[in-house]
Amino acid sequence: MRLKIGAVGVGALSVALIASGCSKTTNDGGSDEKADSKVQAGAISYDAADNKGPAPAVDGATKGGTFGVFLPDGFEHLDPARNYVNTQQLAALLMGRSLAGYREDGKGNLKVIGDLATDPGTDVNKDCKTWQFKIREGVKYEDGSAVTAADVAYGVARSFSGDLSEGPHYIQSWLADSDDYNKTYKGPYNGGGDLPPGVTVPDAQTIVFTFAKPHCDMPYAATLATTTPIPKAKDTKTEYDRHPFSSGPYKIKSYQIGNSMVLERNTNWDPNTDPLRTAYPDGYNFTFTLQADQIAERLVADAPADQAYMAWANVPPAQLPKTTTAGVKERVSQGPSQFVWYYGINTQRIKDVNVRRALNYALDKDAVLKSIGGTAAGDIATTLLSPTVAGYQKYDVFNAPATGDVAKVKELLGTTTPPPLVLAYANTPRRAAQAEAARKSFEAAGFKITTKSIDPTNYYTEIGRKDNPYDLYLAGWGSDWPDAGTVIPPLFDGRKITPTGNNNWSYFNDDTVNAEIDRIQGLPDAAARQAGWAALDQKIMKDFAPVIPVNYDKDYMLHGSKAGNVFLSDAYGYPGLTNVFVKQ
Amino acid sequence: MSNTTADPGPRSAGDDAILPDAVLPDLASLDVPKVPGGPKAFVGRSPGQLAWIRLKRDRVALASAVILVVAMIVALSAPLVQRLTGISPTDQFTDQLTDFGALPVGYLGGISGKHLLGLEPGLGRDILMQLVYGLRTSLFIAFAAAAISTTIGVLVGVVAGYARGWLDGVINWVIDLALAFPFLIFALAAIPVVENRFFTARDTIPASFRVGMIIATFAVFNWTNTARLVRGQVISLREREFVEAARASGAGTAHILLRQLLPNIWAPILVTVSLNVPAFITAEAALAFIGIGVTEPTPDLGRMIYNSISYISADPMYTFLPGITIFLLVLAFNLFGDSLRDALDPKSSR
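Protein sequences, first through last, are from chains A and B. Every number in this note's numbering is 274 more than the matching position in the first sequence, counting from 1. Every number in this note's numbering is 328 more than the matching position in the second sequence, counting from 1.
Careful: at least some of the hints might be erroneous.
Unchecked claim - In silico SDA-like links for lysine to any residue, alpha-carbon gap of 25 Å or less:
1) A:K603 to B:G434
2) A:K722 to B:S536
3) A:K740 to B:G434
4) A:K722 to B:L512
5) A:K722 to B:D531
Hints in this document: simulated from the structure, not taken from any laboratory.
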């Protein structure tokens, strides 16, 4: 999944000129969590005890109260077919149940278990081609009617529609056996049936997916909102974003798009049918109108009205010093997320691998990271895969110091003059500063760099055009589930390149790599796949260097003193909502 | 089409014959040296000299003039400052920033012997050099825009005021049209479009082009004030006897416009310029806030303030230094402009 590029804006100026300017700033760091490279243990659990409701109780949790979330942008989509941004996915978990889900305890244990289904999917013939899910008995919508397998199938069917194309397309592509998933079947709005190809519903509680090729990741794909049930009678097509029909513990009480959303209990939800959600608060408030610095300031202040709120926005660099004092630092959730930031090198223009290697040596990653807040914002990256991805192996093919290695650049380039390069960036203060740091370090190494600003709302659209006129641009990518199969194929499979909407930002296309991707995806054993991806990660960087890994993204988010059980979700990167509570 | 501008009355440089009556009482009360016990000695002075004397006596004018001269010297000698300190404005001293939060290490935003005003958080650039070069950008844009818009305004205003009839009508209509355009929205729309017109996505847009665009935008929107002012002055002067006399003695239009009328209206023009410059400095800073100001890596005071605002509590010096620089600059210009008006136009003085 992508990460918003302009995540930090500058809000209203708060007059808080305190005496901190007279104290000495030292470099002993504010981050207590030093060794925070954790690896996601993404286990799929078929254990009956794990898959049984109700969800395990949280120590010290109490029922009641209203929990709040501050976030700087409104949700673009809550429609399950269009939901591909982590904040929206986390919010949607309160209102919609997909076939499977992640159980997390905040200590790094991550299990995929059945959510709507009784287990995370049965591989009927042990060939990863036929997956059967049994819907739990007694799951009800907000109007009291029962959730059926046909509703899940209908939800998948409508996600084939071209009007609802913003969501993930794993299951659709697997069913259609093509990346161009809606070429023949275009969903029920465009004359198609209510059952997508390859999906059968033998009875009201059973749904079966049949794929042409083995897809052993189906339990993970089933956690995406794509498999959320939607009754056909309640489908409002593109209007569904405004009011998803709830199958979860909460339903929408009021929703003003881009302003606020209030959730209240769905009284028809039965905790005994749900192994994932404790649903302690009586309701949730989402406030979309505050900027990141305002959010940070309010949560640092911890006024009574804000104590049961948490932030879905990283603390901006300027506010970081305030979060290291006692009373505040306990309320910071920090740690690595699954996102990695890269400088994509447009390989259509920069064909010489030595120039790409030289660019890797030239970049002063330390300066580029400091320009966005230093270790609070991330750790310096050398690999394509994030440390959170299962099977991640640490390596550094260049072994350059974090500040770059100008001598090595000169050695690699020899007498060849590097071509003048264009570095594009999203026009926000944060990204402009980062681009300037990068420009300076490339130029110090002898490259001629032109920087170009792009409107932040169009940024990914612009760099995703195959014929974009730029050479270098920053992009962030995170795994959709802790498996490299959701990182390397979307980013480096050259056969997926289309005229627009690319995620292969370096437009890298190499037959040996493509063949290796196919080979690894066909491996039946998860451990062998993980080892394969890790080796391919290293091979791509060593032989082709199509990107410059910049930093592993880190989250640093505040919550109020009455927000209980807040921790960063390993699956989604941000703090989750399903098991929080309001301290009484 | 009425003349709404205040008419300070005609004055002529060095022509005693048409010295206006209004100046005389002032002359007696203000500018005659009073020798205690002795007879009053009358000294003949031109209005220009009188204004200069009044200006010199004004302590506010003196103080603001000193600030302005220092600022201009610093801006002009920026490369010299760079040579003295050995630091370029784009040099990044990231090793002197903390790993967590990237704030400058040390007191008051990293002030040290090498970095007299400290470092920028994040990028670690030297604030002194950013200010020196930022001052250069701001002053250049403000002066160039003021010069261009005043030149256009004076020419158009003189022509409109003197021409009467349809030409005056047309010019007035154009002025009204120009005034109806919202400045910020136009700048926001025009600057990127023009850049795309002249440069492809891969071209390096020279910093001078953006600067030129900003100057041109200011000029396009600000000549109207000067033009209206000058037109009003010219209308009130064109029927005066000295113009009649010049015309009677066979002077051409050019002579009347440039030699008879223009010398009589230079005072209000000068005041307009002195008040336009600080207005442009703040307007240029404002452009940075909507993302169409001077772009990185050209140092710019407005962008520096915009970037520093969020650091007001973490690193107050970073916000304070560019803020106080632009504040002093604009205040000095405004006070100097006021003093200049008082000196040139005694009728309006306290």
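Do the hints match the structure? See the list:
| no. | hint | result |
| --- | --- | --- |
| 1 | A:K603 to B:G434 | holds (22 Å) |
| 2 | A:K722 to B:S536 | holds (18 Å) |
| 3 | A:K740 to B:G434 | violated (47 Å) |
| 4 | A:K722 to B:L512 | violated (33 Å) |
| 5 | A:K722 to B:D531 | holds (12 Å) |
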